[in-house]
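> Each chain is listed here by its residues.
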Amino acid sequence: MRTKELITFVLDIGEQMLISGAEVNRVEDSITRMCSAYGAKRVNVLTITSSILVTVKMDDGEMYTQTRRIRSYLTNLNKLDKLNDLSRYICDHKPDLEEIERRIEIVDEVGTYSPKQQYGIYALVASSFTVFFGGDVSDAIVSALIGMLLKLMMGFIRKIDKNTVITNVFCSFIVGLVTILSVSLGFGTNVDHIIIGNIMLLIPGLALTNAIKDIISGDTISGLLRLNEAFVIAVSIASGFSLATLLMGGLV
Amino acid sequence: MMMDMHDVIQIIAAYFTSVSFALLYNIRGNAVNLAGIGGMVSWALYLGIGYFYPNEIVQYFFAAALVTWYSEFMARKLKMPAVVFLSPGIIPFVPGRGLYYTMSYALNGEMTLFSEMGIETVTIAVSIAAGIMAAAAIYRIVRGIERFNKRKKRTA
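Those protein sequence lines, which keep their order, are chains S and F.
Okay, so the first sequence: first residue is 1 according to UniProt numbering, each after it adds one.
Okay, so the second sequence: first residue is 1 according to UniProt numbering, each after it adds one.
Isolated chain S (complex conformation) (with noise of 0.2 Å):
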């Protein structure tokens, strides 16, 4: 068996889960079961959001140690899924590497929605929160447009900086400046529905969700790291719409 091999495909495994949207925990139960799966007698694994750390000591008493650096997230639960799928049927049926690394290469395929569905879907998004806070019907639409100029934007500030506070920072800002512009040319009538809106396609869902998952699950450091990203992006949404507001003069 080739130890080291096996170890870089379940560490590529555990690297995709986390990127594409697991908590901790799953990462480090996967890791351990597909490792104990295959004979290890003692696997430790730490996880934490940017990195995972495994040390794995074989049957013959040989140890092998591995980490991954995780630099960026693409939240991707469909994926996730899927290698949820594919870490289950490593361990149930201990299939050769050649298998594993077919089997990886299918779960990358795992494609978005294309770039037209993902506007239609940043629209959604946007107009349905601006509806769900009390918006009426021009604000839907003015909000679902500006939910797809955001998509425009973040393609375009993602190209030259992929910061997450940059293009917070950007964002909101933009979405500020044209929520104000459109409603005082009087396209809509709530700049504060369509801002909300669009804010909700800027906010950190998931990264809350797995934080207070995390917690639960006694991953406290990596709670507390998600937790803290998600107050800094929170952040700085609002400095990207104060710089909007006090450029514009005011909220209307």
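These are calculated hints, taken from the structure and not from any lab test.
There could be a bad hint or two in this list.
As the list claims (entries may be wrong) - Computed list of lysine-lysine pairs in DSBU-like fashion (alpha-carbon distance at most 35 Å, straight line):
| id | chain 1 | residue 1 | chain 2 | residue 2 |
| --- | --- | --- | --- | --- |
| 1 | S | K82 | S | K162 |
| 2 | S | K41 | F | K153 |
| 3 | F | K150 | S | K159 |
| 4 | F | K152 | S | K94 |
| 5 | F | K150 | S | K82 |
| 6 | S | K162 | S | K4 |
| 7 | F | K152 | S | K4 |
| 8 | F | K79 | S | K94 |
| 9 | S | K116 | S | K41 |
| 10 | F | K79 | F | K152 |
| 11 | F | K153 | F | K77 |
| 12 | S | K4 | F | K153 |
| 13 | S | K116 | F | K79 |
| 14 | F | K152 | S | K116 |
| 15 | S | K116 | F | K77 |
| 16 | F | K77 | S | K94 |
| 17 | F | K153 | S | K82 |
| 18 | F | K150 | F | K79 |
| 19 | S | K4 | S | K82 |
Fit chain F to the known structure of chain S by using the hints.
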């Protein structure tokens, strides 16, 4: 008891917020609809409790608990990670509104309103977290008992 029109619109909108977030997180197939129903039902519970016991903290707590149980139940039934249902389902409760008004009061220099709104936002976030925690704890205990009974049956 009559529900007013605003509540009906909000419940329908809650379904769409959850569905749209499920799509945003790239969830496919029937799970999208189920996540939407989770968000809708728990928002209806939030409003429903409001009729009998108008206390935001209590309302958010039980609604968050409901959506947690719902997603754990669905996750088990469909053999998917619970987060697939929980994170879109909890979305209507995320206090984006509080964040916005807190910020806008701060900008307008209304410090009393700012601190009130800020505290309210944090309180809501904490009561949602508490609801999820309580529900998850109870769910784990119930599952633990189930497993224990199964093991006992096997050994007996």
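> Are the hints correct? Go through all of them and say.
Here is what the structure says about each hint:
1. K82/S <-> K162/S: Answer holds: K82/S to K162/S is near 27 Å, not above 35 Å.
2. K41/S <-> K153/F: Given pair K41/S, K153/F holds - Cα atoms ~29 Å apart, limit 35 Å.
3. K150/F <-> K159/S: Violated, at about 54 Å.
4. K152/F <-> K94/S: Within the cut-off at roughly 29 Å; holds.
5. K150/F <-> K82/S: 28 Å, holds
6. K162/S <-> K4/S: 32 Å, holds
7. K152/F <-> K4/S: Measuring from Cα to Cα gives roughly 39 Å; hence the hint is violated.
8. K79/F <-> K94/S: Holds, at roughly 20 Å.
9. K116/S <-> K41/S: Violated - the C-alpha atoms of K41/S and K116/S are around 49 Å apart, more than 35 Å.
10. K79/F <-> K152/F: With a Cα-Cα distance of about 25 Å, the restraint between K79/F and K152/F holds, given a limit of 35 Å.
11. K153/F <-> K77/F: The hint holds at about 23 Å.
12. K4/S <-> K153/F: Not OK: K4/S and K153/F at ~41 Å, beyond 35 Å, violated.
13. K116/S <-> K79/F: Holds, at about 30 Å.
14. K152/F <-> K116/S: Given that 35 Å is the threshold and the Cα spacing comes to 54 Å, the pair is violated.
15. K116/S <-> K77/F: The given pair, whose Cα atoms are some 33 Å apart, holds under the 35 Å limit.
16. K77/F <-> K94/S: 25 Å, holds
17. K153/F <-> K82/S: Within the cut-off at roughly 33 Å; holds.
18. K150/F <-> K79/F: 19 Å, holds
19. K4/S <-> K82/S: 24 Å, holds
Hint compliance for this structure: hints 3, 7, 9, 12 and 14 are not met, and every other hint is.
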